[in-house]
Amino acid sequence: MLYQSCFLLILGFLIFPNFCEVFPPRKFVRSQRSFRLTLFPVVFFCVLAKVVSAGSREIIRRPGNEGKHGRSEIRSRSQTGGTQKMKTSQLLYHVIISLLMLSLNLALAASQWEFDRSIILPVPNSLFLARDSRGNIYATSFNAREVAAPVPAVQIKNPDEPKPKIKIIDEFVAPAQRGYAGVAVDSADNIYLSVDMGDRYPSYIKKYLPTLQPDRTFGNQGVLASDKVRILGLTAHRHYILAAVSWGRFCVIDSRGNFLGITPSAPFTAYIRDLAYVPETGNVYGTDRDGLFVFSGGSLAKLEDYSLHEVVKPKNIPRAGNAIYYSSLTNELFYTDQTAGGLAIYPLGKGEPGLIPTAFDGKGALQPADAVMSTDGRYLYISDLKAPQVARYRRVGQMDVRELATPVTPSVPPTAAPKTKGASVPWLSSLDEAMKTAREENKPILAYLFSPLVPRCGEVESTVFSDEFRTRLGNKVVWLKLDVASDPRILTQFGIYKVPAVLLLSAKGEEQRKFIGQFTQEQIESAISGIK
Numbered sequence: 001m002l003y004q005s006c007f008l009l010i011l012g013f014l015i016f017p018n019f020c021e022v023f024p025p026r027k028f029v030r031s032q033r034s035f036r037l038t039l040f041p042v043v044f045f046c047v048l049a050k051v052v053s054a055g056s057r058e059i060i061r062r063p064g065n066e067g068k069h070g071r072s073e074i075r076s077r078s079q080t081g082g083t084q085k086m087k088t089s090q091l092l093y094h095v096i097i098s099l100l101m102l103s104l105n106l107a108l109a110a111s112q113w114e115f116d117r118s119i120i121l122p123v124p125n126s127l128f129l130a131r132d133s134r135g136n137i138y139a140t141s142f143n144a145r146e147v148a149a150p151v152p153a154v155q156i157k158n159p160d161e162p163k164p165k166i167k168i169i170d171e172f173v174a175p176a177q178r179g180y181a182g183v184a185v186d187s188a189d190n191i192y193l194s195v196d197m198g199d200r201y202p203s204y205i206k207k208y209l210p211t212l213q214p215d216r217t218f219g220n221q222g223v224l225a226s227d228k229v230r231i232l233g234l235t236a237h238r239h240y241i242l243a244a245v246s247w248g249r250f251c252v253i254d255s256r257g258n259f260l261g262i263t264p265s266a267p268f269t270a271y272i273r274d275l276a277y278v279p280e281t282g283n284v285y286g287t288d289r290d291g292l293f294v295f296s297g298g299s300l301a302k303l304e305d306y307s308l309h310e311v312v313k314p315k316n317i318p319r320a321g322n323a324i325y326y327s328s329l330t331n332e333l334f335y336t337d338q339t340a341g342g343l344a345i346y347p348l349g350k351g352e353p354g355l356i357p358t359a360f361d362g363k364g365a366l367q368p369a370d371a372v373m374s375t376d377g378r379y380l381y382i383s384d385l386k387a388p389q390v391a392r393y394r395r396v397g398q399m400d401v402r403e404l405a406t407p408v409t410p411s412v413p414p415t416a417a418p419k420t421k422g423a424s425v426p427w428l429s430s431l432d433e434a435m436k437t438a439r440e441e442n443k444p445i446l447a448y449l450f451s452p453l454v455p456r457c458g459e460v461e462s463t464v465f466s467d468e469f470r471t472r473l474g475n476k477v478v479w480l481k482l483d484v485a486s487d488p489r490i491l492t493q494f495g496i497y498k499v500p501a502v503l504l505l506s507a508k509g510e511e512q513r514k515f516i517g518q519f520t521q522e523q524i525e526s527a528i529s530g531i532k
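Counted from 1, the sequence shown has number 139 at position 139 by the numbering used here; the numbering is strictly sequential.
By construction, these hints were calculated from the structure, which means they are not laboratory data.
Values in this document were obtained by computation on a predicted structure and should not be read as measured data.
For every residue, glycine included, the Cβ atom is placed at its ideal position computed from N, Cα and C.
Some hints here could point you the wrong way.
As the list claims (entries may be wrong) - Straight-line alpha carbon distances no greater than 30 Å define the calculated DSS-like cross-link-like pairs of lysine-lysine that follow:
{"hint": "1", "residue 1": "K167", "residue 2": "K350"}
{"hint": "2", "residue 1": "K165", "residue 2": "K514"}
{"hint": "3", "residue 1": "K350", "residue 2": "K514"}
Claimed, not checked - Label-pair distances were calculated between CB atoms; the ranges are:
{"hint": "4", "residue 1": "R216", "residue 2": "S526", "range": "37 to 47 Å"}
{"hint": "5", "residue 1": "G530", "residue 2": "D199", "range": "47 to 57 Å"}
{"hint": "6", "residue 1": "K476", "residue 2": "E433", "range": "13 to 23 Å"}
{"hint": "7", "residue 1": "D199", "residue 2": "E459", "range": "33 to 43 Å"}
{"hint": "8", "residue 1": "H309", "residue 2": "G198", "range": "23 to 33 Å"}
{"hint": "9", "residue 1": "E433", "residue 2": "P264", "range": "23 to 33 Å"}
{"hint": "10", "residue 1": "A188", "residue 2": "Q221", "range": "12 to 22 Å"}
{"hint": "11", "residue 1": "R216", "residue 2": "V396", "range": "41 to 51 Å"}
{"hint": "12", "residue 1": "G530", "residue 2": "G474", "range": "13 to 23 Å"}
{"hint": "13", "residue 1": "K163", "residue 2": "D376", "range": "13 to 23 Å"}
{"hint": "14", "residue 1": "S265", "residue 2": "G517", "range": "29 to 39 Å"}
{"hint": "15", "residue 1": "V425", "residue 2": "D254", "range": "48 to 58 Å"}
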């Protein structure tokens with residue numbers, strides 16, 4: 001019986017995760033192989049299994065038969081009727097072992113997100129989402145009707161608060177089954193909306209300033225149109241806008257609407273609808289038919305070096321409504337997967353793929369499409385193609401994020417960065433002041449980005465930026481120290497996804513080299529010597 005039970009346990013661990021993938025519990029989001037087991041059901045089932053196992057050897061005694069003949073009679077009953085009872089007990093034992101296996105798997109499949117509340121919008125549905133550095137969310141809608149209808153794009157101001165403010169920033173009449181094709185926000189908080197109305201009409205991009213006014217200097221009076229390619233999903237990196245274009249390619253434009261280039265044609269068909277840029281690797285991910293693709297091998301400066309590869313095989317027919325989002329906080333991709341029944345989670349680092357399931361009970365997104373995470377990682381906002389809402393999900397359990405400064409409001413006004421003990425040259429704390437000094441003295445800038453909330457930053461200051469190192473470099477550079485916890489916009493301004501980080505800028509303010517996470521004194525000195 002022992003080997004049978006072990007076999008059932010092993011089989012269950014292999015089968016149950018796949019069962020959850022097809023029939024996920026409402027709060028189950030992502031399988032994490034953690035051994036923080038639920039103690040009560042484990043102990044309960046173990047005790048119950050022991051009791052039933054012991055019952056398979058139970059001898060039924062009749063009252064009054066306690067002598068020698070009584071024991072003989074009892075033994076005789078055990079021989080004649082015990083076989084059937086043994087089979088029943090074994091069956092019960094195996095059922096309990098199976099339940100124990102189920103309990104273990106449920107404990108291992110820890111929930112990360114659960115539905116918190118709905119943000120009701122004055123739109124029929126929501127599709128693509130983007131977030132600015134202030135935490136505001138921009139949501140687009142889609143015309144799912146069979147006749148032309150107006151579709152708006154809205155700003156959700158302060159979405160983390162109990163009563164966020166909703167404002168329509170753009171609207172147009174879309175043909176049936178058409179609408180906005182994408183939305184993106186650059187490092188200066190400018191908003192870009194793409195519109196695709198099919199092969200018979202030009203597609204275009206609109207730009208809005210952070211004040212929500214059209215930027216008339218962009219393209220032609222705020223609109224950049226194209227009748228040669230279909231412009232679909234958008235994503236932004238610093239002041240660059242990446243646009244998915246038909247089909248299996250993407251182009252890059254700058255914040256003024258200048259065309260900077262396009263990737264080579266794909267060697268296979270990929271109806272990529274939306275994009276997500278990963279600054280750490282320079283890879284660009286796209287989604288198509290509930291599948292996942294990656295443009296790799298290139299950079300935004302060398303688009304011709306990108307090549308397209310399949311990551312997760314497409315499972316559906318080509319259709320509008322596929323979206324993708326990259327979270328630099330957790331190093332994960334979130335993308336539409338209606339085939340699996342929700343919003344897929346694809347970790348780029350450690351962890352296992354998972355799913356945020358469709359909310360059949362109405363508590364959550366009825367048809368999840370896109371997502372954005374709050375600046376502090378507490379909430380995940382998910383668009384809904386079937387309801388006039390953006391569903392807010394709350395993180396539950398431990399927040400498994402990389403070393404990244406959490407944007408907070410400082411309790412006291414930020415002051416000048418402290419001097420490092422024993423260092424002959426003080427740190428500056430103002431980028432403008434550092435730029436002015438660099439121009440006047442014709443020196444490069446060494447910008448150190450840190451956060452008091454990240455323990456690794458304290459280690460870097462005592463090891464990499466030691467007294468001896470800073471004294472040795474001395475006046476060769478302008479020393480700049482920026483606290484990203486006081487101003488999280490610094491992260492998006494320089495395209496940094498975690499701290500500690502070092503940026504080396506020329507005297508003209510041009511980026512020369514970037515070190516993120518891990519770096520040494522030798523690497524920094526070598527990079528400085530190469531700056532002209």
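Results for each hint:
1. K167 with K350: violated (39 Å)
2. K165 with K514: violated (38 Å)
3. K350 with K514: Roughly 24 Å separates the two Cα atoms, so the pair holds.
4. R216 with S526: 37 to 47 Å: holds (46 Å)
5. G530 with D199: 47 to 57 Å: Since the Cβ atoms of G530 and D199 sit about 50 Å apart, the hinted range of 47 to 57 Å holds.
6. K476 with E433: 13 to 23 Å: holds (18 Å)
7. D199 with E459: 33 to 43 Å: violated (56 Å)
8. H309 with G198: 23 to 33 Å: With Cβ atoms ~28 Å apart, the hint holds.
9. E433 with P264: 23 to 33 Å: Check failed, 44 Å falls outside 23 to 33 Å.
10. A188 with Q221: 12 to 22 Å: holds (20 Å)
11. R216 with V396: 41 to 51 Å: holds (46 Å)
12. G530 with G474: 13 to 23 Å: With Cβ atoms ~18 Å apart, the hint holds.
13. K163 with D376: 13 to 23 Å: holds (19 Å)
14. S265 with G517: 29 to 39 Å: Holds: the Cβ-Cβ distance is about 35 Å, inside 29 to 39 Å.
15. V425 with D254: 48 to 58 Å: violated (36 Å)
Checked against the numbered hints above, the structure breaks hints 1, 2, 7, 9, 15 and satisfies the rest.
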